[in-house]
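A.B. asks: Given next are the chains, with one letter for each unit.
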Amino acid sequence: MAESILTKDLRASGPAPVSSIPPPQRWSQPFGEGMGERDVQRVLTMEPFVSMDPARFRAPITLEGIVRNDTRLRRVARGEIIVRAGDYGNSAFLIVQGRVRVILPPGLPEESLGRARPKQKNWLQAVAQLWKNPPHPEARDASRYVSEPETKAPSPARLIVQDAQGRPLNEHLLPAGGDDEVRIGRGADNDLILDDSTASSSHARIHATELGWEIVDLGSSNGTFVGGDRVERHVLGGGDDIKIGRSRIRFVGEGDLDQTSMLSTRILNPETIDEQWSNTVVENLTHVGADTSHTFVQDIPAVLDHTQSAVLQTGTVFGEIAALGRTQRTATVFAEDDSILLEIRWQGLRDLRKRDNAFRKHVEDLYRANSLITHLRATPLFSHLSDDVIDEIGQQTLFESFGEFDWHTSYQRLADQPEAQRLKIEPEIVRAGDYPDGLLLVRSGFARVTRPLHKGQQTVNYIGRGAVFGLDELLAGWNGSGQSTYRHSLRAVGYADVLRVPTSVIETHVLPNLTDAQLKHIRRMQAETLKDSLATHQPRGEAASVEPLEVRTTGDDDALVETLVDRHLINGRAAMLINLDRCVRCDACTDACAVGHQNNPRFNRHGHRHDSLMIANACMHCADPVCMIGCPTGAIHRSSEQGQVVINDDTCIGCATCANSCPYDNIRMVEVRNERGDFVQNSATGAPVMKATKCDLCIDQPGGPACQRACPHDALERVDMRDLPNLLDWLHR
Amino acid sequence: MMRFAKRRQANLTTWAIVVLIAGVLFAAVSAGLTRASFWTGWLLMAAVVLLSLYSQRKRLSMLPIGRAAVWLQLHAYTGAFAIVVFVAHTGLSLPDAPLEWLLWLSFVGTAGSGLAGLYWSRTLPPRLANADEELIFERIPLFAARLRQRAEQLVVDAAAQTDSPLLGEHYRTHLAELFMAPQWRWRHLGPTHYVTRQHDRLIALERYLADDEKPFARELAGLCRQKSDLDMHFTVQGLLKAWLFVHVPLTAAMLLLAVLHLVAAHAFGGA
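Quick mapping for you: the protein sequence lines, in order, are chains A and B.
First residue of the first sequence? That's 34 in the numbering used here, and the numbers climb one at a time after it.
First residue of the second sequence? That's 29 in the numbering used here, and the numbers climb one at a time after it.
Treat the hints as calculated values from the structure; they're not laboratory data.
Hints may be right or wrong, so weigh each one.
[What the hints assert, rightly or not] With a straight-line cut-off of 20 Å between C-alpha atoms, the simulated EDC-like cross-links for lysine to aspartate or glutamate are:
1) 34/B / 614/A
2) 394/A / 762/A
3) 86/B / 620/A
4) 34/B / 762/A
5) 276/A / 229/A
6) 154/A / 224/A
7) 152/A / 224/A
8) 154/A / 214/A
9) 394/A / 437/A
10) 269/B / 620/A
11) 269/B / 624/A
12) 269/B / 224/A
13) 86/B / 461/A
14) 488/A / 461/A
15) 553/A / 530/A
16) 387/A / 86/A
17) 276/A / 224/A
18) 457/A / 595/A
19) 152/A / 214/A
20) 165/A / 624/A
21) 152/A / 682/A
[Said to hold, decoys possible] Chain B stretches covered by chain A per the calculated footprint, using a threshold of three residues with CB under 8 Å from any CB of chain A:
22) 29-41
23) 227-237
On a predicted model such as this, the values are computed, not experimentally measured, just so you know.
Note that CB positions come from ideal geometry on N, CA and C, so glycine has one too.
Can you build the whole structure from these sequences, using the hints too?
C.D. replies: Here's what the structure looks like:
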């Protein structure tokens, strides 16, 4: 199409879009700012780093480099929640100074956790995409990839929402970058949401100017006040009190942090830390991480009175299990006093664990000490037992891992092998016919349940986290009422972490006290527990069994189950399934996806087929997202809210590790363009800048995945593949 | 999850009740002094406006305003209701003025294309699902070109390696046109899967070939079958898209004509 004169003039008048950026590297974007030379050297003198052998870390990934780039010092104020139960963790924490407390199950009520909602477009913004989306594919504002000179940005600051007595309720960081804008109001689409009926839904915004942070009233009904004066616009100074409706917000600039009572820098345990250094850390600490919203435990004494909790002392590492296992946090942790933490992102943790045997053992020991008892207590079979008995069972429990943690490499290598061949390679956890030497609890990963059929093995089910295997065999042996050997074989699909509770322990502590009523209750509870993680298909009216039942399917579905397991599709939490018998190939799904992603559809309406079922090439947001394993910068991560696997476009360096790791080919590398449509180039090599892209489940759109909402023929559904009955129900509607 | 059969049963029941109520009201109005066509006309207009909202819903896919599948159900049953009201409105008599003729034709065309589209949408996808490969419509010309290149290369190789012109002659005479481009074949819409005549001819030809020619003929026969599948996709997917090019413009025309008819009816019809 010929270029119009108007367009040409417009292009000539504005600043030239960025079309060349420096080559991105693993540590181009360090985890946090402020890790100065002194900080790094001090951290290296602390456990567990001081015990590590730097020689085991080979360049360019050195121990010092990990500390410098994969960690950051973070100050948390008294009462601040550090990790929340249910969030997906991407980092672990080492307590450098202070005292933090972990809330034991059942934990804090949901409403007190202040869970941040993902920022979503409102309806007007969503509709505006129809005409605002760029005309060029994969167009971006490439200037985002180039760091601005620091002198242009205003200093970082915080907004602290206070109650009538001046106690902090909530906090929001205005980052050092200065390119952010914070919208304040009652509406859900604001960055800082006020629970205040006298505030307008979009009340005010704070944005960076050359003079500093400026607050602008957005035509609110009751006005915005700074220092008692009603303002339309006002450049904020340190310590300014902002009044919006009945809400009071304190603006705290970088140099004013020590003036607030909440953020006072009280140093605890001075004998354990170099006080001079810690004071320097406190002075330098301005950046608290990507999660800029903070929630506080409101009444610490009351929380301690009404919940079970445990103190974590200086030197303790926590959060490593969720970070390394790509799973949800199991407990909430908050700062009981002002504390300093070293936050280690999981890429660093991974390398530490890989290079240092002691650290690997340390992580496993921590699991045994911290998480095992929690897991056992959460298992319905043990939930009625006393703490002493649970501890005893914990002591006797064996912790076993099968398969490879980064199983995707062997999966891809063996993808073309016949199914029977692949089955042989899967590590056998239990063999049918063996004496049941224990009750198996699946801690993470997946396992395939098979039974011998002629000369092969038929897959009858698959089980995942939370499942229990072998109870009926143990019961039969105990009662002498039936077959006391394992009826099915169990194999790790990819990898599986299993807890094996010895038979003698079950016979001593569990079975003697187990009444029929309790067993029935346990079966029912287990069915509920496993609903999210275990695919069991049972005849109507029959009580759920604690061990996996054979799936009652038609002959056709037997083959489907085999396929789902063989191809590891059971990993999907939101797989895009298309019923080809109903799909008219209208591409309404693709069009809807494109509208929500700047005219770039984030999936291919193509993929593996089984009969009339297609598993499309769309990110499945896996239970075990192996795509995250190799990401050097942490750009691909789980959202903390619902665990969607998303990519941070700003920190993605285009290395394609995630795309190569994804066993399902659901991540695409694209060449980025600027707003004008020119390809953005690497300034050093001249090569086009690549970014990883994939389905994000429309995380920023109102109403969730547009693809399934747009399908007029009920042909497309996002399905949790771990819920086989639901999948079969949908398939046979 | 509600099964389709159960949903259909519930929707049909609701539809029947609505039609029944409308019928009773129509009878009551007809028994009075008011002209029933006035009321049925407005009812028809409302139904048509409701029907046209569906296409707007499809554009607003980013908004959580109900799944498109629910809207399609509403669209289909409202369309069926509109047909009943249309019959009541016209009394099965043909129009007597040019504007009404155009309106009548546009309604019949819209309803007819809608029913045909619904039928094809329910019956043709399994035909696509039965094919060996799933093809994206826009890429079919690319796949067709690849098939043609492979077939031509095969014939050239056969001639070079077997020193026999037979396959080349056969390709030029019987197959060149088949591989030329994606082809719309009505036979692909028939009750049985259509396998090209060319494929059968090649199988039959095999008995006259030397042993070293037979592998080439078999591969060429395989390509014929693939081209047949590709043409089937081209025809079936094409039809599933093409009917909308009739249905949507006719809907727009019908809406415009309906407004004109409404104005004329009020101005000159004594309503």
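A.B. asks: Each hint should be assessed against the structure and marked as holding or not.
C.D. replies: Now for the hints, and whether the structure bears them out:
1. 34/B / 614/A: 18 Å, holds
2. 394/A / 762/A: Violated, because 44 Å separates the two Cα atoms, which is more than 20 Å.
3. 86/B / 620/A: OK: residue 86/B and residue 620/A at ~11 Å, within 20 Å.
4. 34/B / 762/A: 14 Å, holds
5. 276/A / 229/A: Distance of about 12 Å is within 20 Å: holds.
6. 154/A / 224/A: Roughly 12 Å between the alpha carbons, so the hint for residue 154/A and residue 224/A holds.
7. 152/A / 224/A: 7 Å, holds
8. 154/A / 214/A: 15 Å, holds
9. 394/A / 437/A: This hinted pair holds, its Cα atoms lying about 17 Å apart.
10. 269/B / 620/A: Measuring from Cα to Cα gives roughly 10 Å; hence the hint holds.
11. 269/B / 624/A: OK: residue 269/B and residue 624/A at ~15 Å, within 20 Å.
12. 269/B / 224/A: 43 Å, violated
13. 86/B / 461/A: Given that 20 Å is the threshold and the Cα spacing comes to 50 Å, the pair is violated.
14. 488/A / 461/A: Since the Cα atoms of residue 488/A and residue 461/A sit roughly 17 Å apart, the hinted pair holds (cutoff 20 Å).
15. 553/A / 530/A: 27 Å, violated
16. 387/A / 86/A: 12 Å, holds
17. 276/A / 224/A: 17 Å, holds
18. 457/A / 595/A: With Cα atoms ~14 Å apart, residue 457/A and residue 595/A stay inside 20 Å; holds.
19. 152/A / 214/A: 13 Å, holds
20. 165/A / 624/A: Holds, at roughly 15 Å.
21. 152/A / 682/A: 16 Å, holds
22. 29-41: holds (count 4)
23. 227-237: violated (count 0)
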